[in-house]
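There are 4 protein chains.
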Amino acid sequence: MPSHLALLSCLLVLLLSLDKFLLHYLKKRLFSGPRIPSGTSKSRRPMAAAAKWSETAMLVIDMQKDFVDPAMRSPMLVAGGEAVVPAVAEAVAVARERGIFLVWVVREHDPSGRDVELFRRHHYSGGKGPTVKGLKGAELADGLVIKEGEYKLVKTRFSAFFATHLDSVLKTAGIKNLVIVGVQTPNCIRQTVFDAVALDYEKVTVLIDATAAARPEIHLSNIRDMKNIGVETPTLEEWRR
Amino acid sequence: MPSHLALLSCLLVLLLSLDKFLLHYLKKRLFSGPRIPSGTSKSRRPMAAAAKWSETAMLVIDMQKDFVDPAMRSPMLVAGGEAVVPAVAEAVAVARERGIFLVWVVREHDPSGRDVELFRRHHYSGGKGPTVKGLKGAELADGLVIKEGEYKLVKTRFSAFFATHLDSVLKTAGIKNLVIVGVQTPNCIRQTVFDAVALDYEKVTVLIDATAAARPEIHLSNIRDMKNIGVETPTLEEWRR
Amino acid sequence: MPSHLALLSCLLVLLLSLDKFLLHYLKKRLFSGPRIPSGTSKSRRPMAAAAKWSETAMLVIDMQKDFVDPAMRSPMLVAGGEAVVPAVAEAVAVARERGIFLVWVVREHDPSGRDVELFRRHHYSGGKGPTVKGLKGAELADGLVIKEGEYKLVKTRFSAFFATHLDSVLKTAGIKNLVIVGVQTPNCIRQTVFDAVALDYEKVTVLIDATAAARPEIHLSNIRDMKNIGVETPTLEEWRR
Amino acid sequence: MPSHLALLSCLLVLLLSLDKFLLHYLKKRLFSGPRIPSGTSKSRRPMAAAAKWSETAMLVIDMQKDFVDPAMRSPMLVAGGEAVVPAVAEAVAVARERGIFLVWVVREHDPSGRDVELFRRHHYSGGKGPTVKGLKGAELADGLVIKEGEYKLVKTRFSAFFATHLDSVLKTAGIKNLVIVGVQTPNCIRQTVFDAVALDYEKVTVLIDATAAARPEIHLSNIRDMKNIGVETPTLEEWRR
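Here the protein sequences come in this chain order: G, C, E and B.
For the first sequence, full-length UniProt numbering begins at 1 and goes up steadily by one.
For the second sequence, full-length UniProt numbering begins at 1 and goes up steadily by one.
For the third sequence, full-length UniProt numbering begins at 1 and goes up steadily by one.
For the fourth sequence, full-length UniProt numbering begins at 1 and goes up steadily by one.
With the rest of the complex left out, here is chain G (with noise of 0.2 Å):
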């Protein structure tokens, strides 16, 4: 047993000093391709690139500061958000160039806290809590703005499809391809990708490095689920490519 032990521990000390050489490295030893078998993607018709980029949508998910800027000591802190904030305004100036749709989806919730989980409404009193709407929690992380011709999405549970009308706008705006960069992996990105996928979205894809969790491990995990669901997961760069 402490031998199992020892192993654990380094595995941990491993995970924990995850790089981005790192990622790339894991990403083609340990996870098994998608399940789709190669005449999927090949039925599907070739695209020209600006066809293509008016059918999809970029969804950036919680980059709010309750979630990603330690200074405002919220209990709703992703520890590895504040990591990926440029990540994801590198990716939005790309979807910008390429003309894709951007909906910045956003939690904001009622002061009595009213509309939140009931597992987490003890964070709630005397009108604050995390991304009360209004407060500065739930702004923006500093370097994100909504542009004109963008679109803000509140929503009040993980999915950001969940007792929403964004399946409306994607589809009413002919949008078949989605790209989602945010945080955190385990709750409202990956809660989004499985909707996404119910929700018969062609295409699916999560930048692995724009997109966050706690720990590395939980990230990593959460990928491998979603690529077995078809999921596409390269990184920001092979993405921009």
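Some clues are possibly wrong.
[To be verified] Here are the simulated SDA-like pairs of lysine to any residue, each with C-alpha atoms no more than 25 Å apart in a straight line: (1) K176(C) / K147(B); (2) K227(E) / K136(C); (3) K227(C) / E217(C); (4) K171(B) / P111(E).
[Claimed, not checked] Which chain E residues face chain B? A few, computed with CB under 7 Å, are given here: (5) R114; (6) E117; (7) P234; (8) T235.
Don't read these hints as lab results, they were simulated from the structure.
For clarity, every value in this text was computed on a predicted model and none was experimentally measured.
A virtual CB, placed ideally from N, CA and C, is assigned to each residue, including glycine.
Start from chain G and add chains C, E and B according to the hints.
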């Protein structure tokens, strides 16, 4: 045939001159009672008044300038809307006295119109259109204000429950009964009411003279259909007793 | 007042004797046209017939014995239902000729009634009740059959879209237009239609004489309200041309 | 780098040999407790056992031959599924003793595959495919049967709540707590669990050894994520005490 036409003309004159007296009169004469057998309501446990009101929410629907204020010259103006503003205000006052949870349901649309029903999108251009978020037409009618502790719910379709988190807010607040006021009867009122029945609220009440449509016969035929699925339809006066 | 009563009595006699001729007549005289400006429909691209029908689905709603066959003595019998069975059968035949995707929407309930609307649960006891799954009352009316390649969709509320996966089946099949037949107009027909509009189907058509309600005036007032949100309401004859 | 690889290899061996003992061991060592502060659970009213079970439902998810019986040679076979059939059967027996409401959640698809997720439709042709309604693969695993008074719920996506009427059936039955068993952890189990939390069920419990995934590390990483949003994860033995 000419005599039929004469009859119809008379009927239209009659309907268009409907006043409160006639409204009551028609209610008693024309409508068969609700089709719920008396046993059903009898079997409901007797409630102390206080308990009853703590399990009741009032939904105030679409009482925005573009729907009820002729001065806005909105294409969405509901002809009968302005006339019920005082009754809605009074219903709200009664609800506050009783400690009923107040939910202000409003439409707020993106300036682009991309979150509007397809058949109304032609009303949106140049960043303007009915109830665009931030514009004057989206404000509540004069005399109506949201007080602290009350809830604002934004929707983009007729029903207050369609693609919103309203059901969650109400159910987790222990709400079992709904009272509906606002505009307009055949669309937002009725769709909200039918969804409330589908969502298993125990008692749904529409205040017949604190709701309105473009024309009295439209209002009345919809009240009839709602009664037929077990909805209660008192006047404000009857309800406040 | 007595003269008003006399007028109303006459109107009821008149409405109850409505025949096809009068139906057409009323449609032209009483109803203002749909409120979509002509520009909107003009802007729709002209479609080759074949393409149009491949993007069209027909929803046949609740054509089950308990709703339309008086011999069942069901409390859910729709008074006007039996009379439209032949028209529904004919509409189905036309849809098959045109290659329109047919969806048979039916209610099927648990013998316990636990998945029925609250206001109708008193109809269920001893394993029996309207349209209980497996019982005769849940079968399609005589003369109606589901053929291979057609789809059966089970629902438990008025709208065929409420808490079902119908929207997914239709949208991934490329369906943009819906044609609705069946019973009954104020409940299952209308709620399905309003949800279809909320769900952004481009064109929603209700065949005015292949749908029915308990009484003609109920049928007509609901047709009027559907026209007012842009729904097309031809007769079967007009639609088959 | 090679030493990293060695470590990883060791870890895989370790994980693949996980047995019940290790499962318990890891649970205690690796996982931090749920992030709900103790105050939250303390504030829950103490419940008499009988009352508690009458407000509890067990969801038995996807225990169908195509998912858990290797003899079916289904592409949807869950590697770890067959091994938990006895635990699921035992959990069901305990639930029946306690009077817990049992819901059997199953996938049943159209032979055309038109109601399957896009990324799996290639498995359907010639009227065959995983869990096609009426075929043997859609049947419950040997030894599992639905008894009178229990409920069968058909779904077409991962989550038992997605586009189904399950929430209505549970809420109107007074259900506040859910116990989840079946396959497979990262998809149908987890998505059902996350939706249950989003839908405000007070207590969601996953029986950690009556659920399974393709590989132990997939199972465990998903259990970890569910714990992190307040889900309880006892073993069957712990739960039955």
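To see whether the hints hold, each was checked on the structure:
1. Note on K176(C) and K147(B): the hinted pairing is violated, with a Cα-Cα distance of about 32 Å set against a maximum of 25 Å.
2. Only pairs whose Cα atoms come within 25 Å are accepted, and K227(E) paired with K136(C) is rejected, the gap being roughly 29 Å.
3. Restraint check for K227(C) and E217(C): the C-alpha separation of about 15 Å stays at or below 25 Å, so the hint holds.
4. Distance restraint check for K171(B) and P111(E): the Cα-Cα separation of roughly 18 Å lies within the 25 Å cut-off, and the hinted pair is therefore satisfied.
5. Contact between R114(E) and chain B, as hinted, is supported at the beta carbon level, the nearest pair being about 6 Å apart and thus within 7 Å.
6. Violation of the interface hint for E117(E) is found here, the shortest Cβ-Cβ separation to chain B being roughly 9 Å, above the 7 Å cut-off.
7. At its closest, the beta carbon of P234(E) sits 28 Å from a beta carbon of chain B; the interface hint therefore is violated under the 7 Å criterion.
8. Interface restraint check: T235(E) against chain B, minimum CB-CB distance 31 Å, threshold 7 Å, status violated.
Checked against the numbered hints above, the structure violates hints 1, 2, 6, 7 and 8; every other hint is satisfied.
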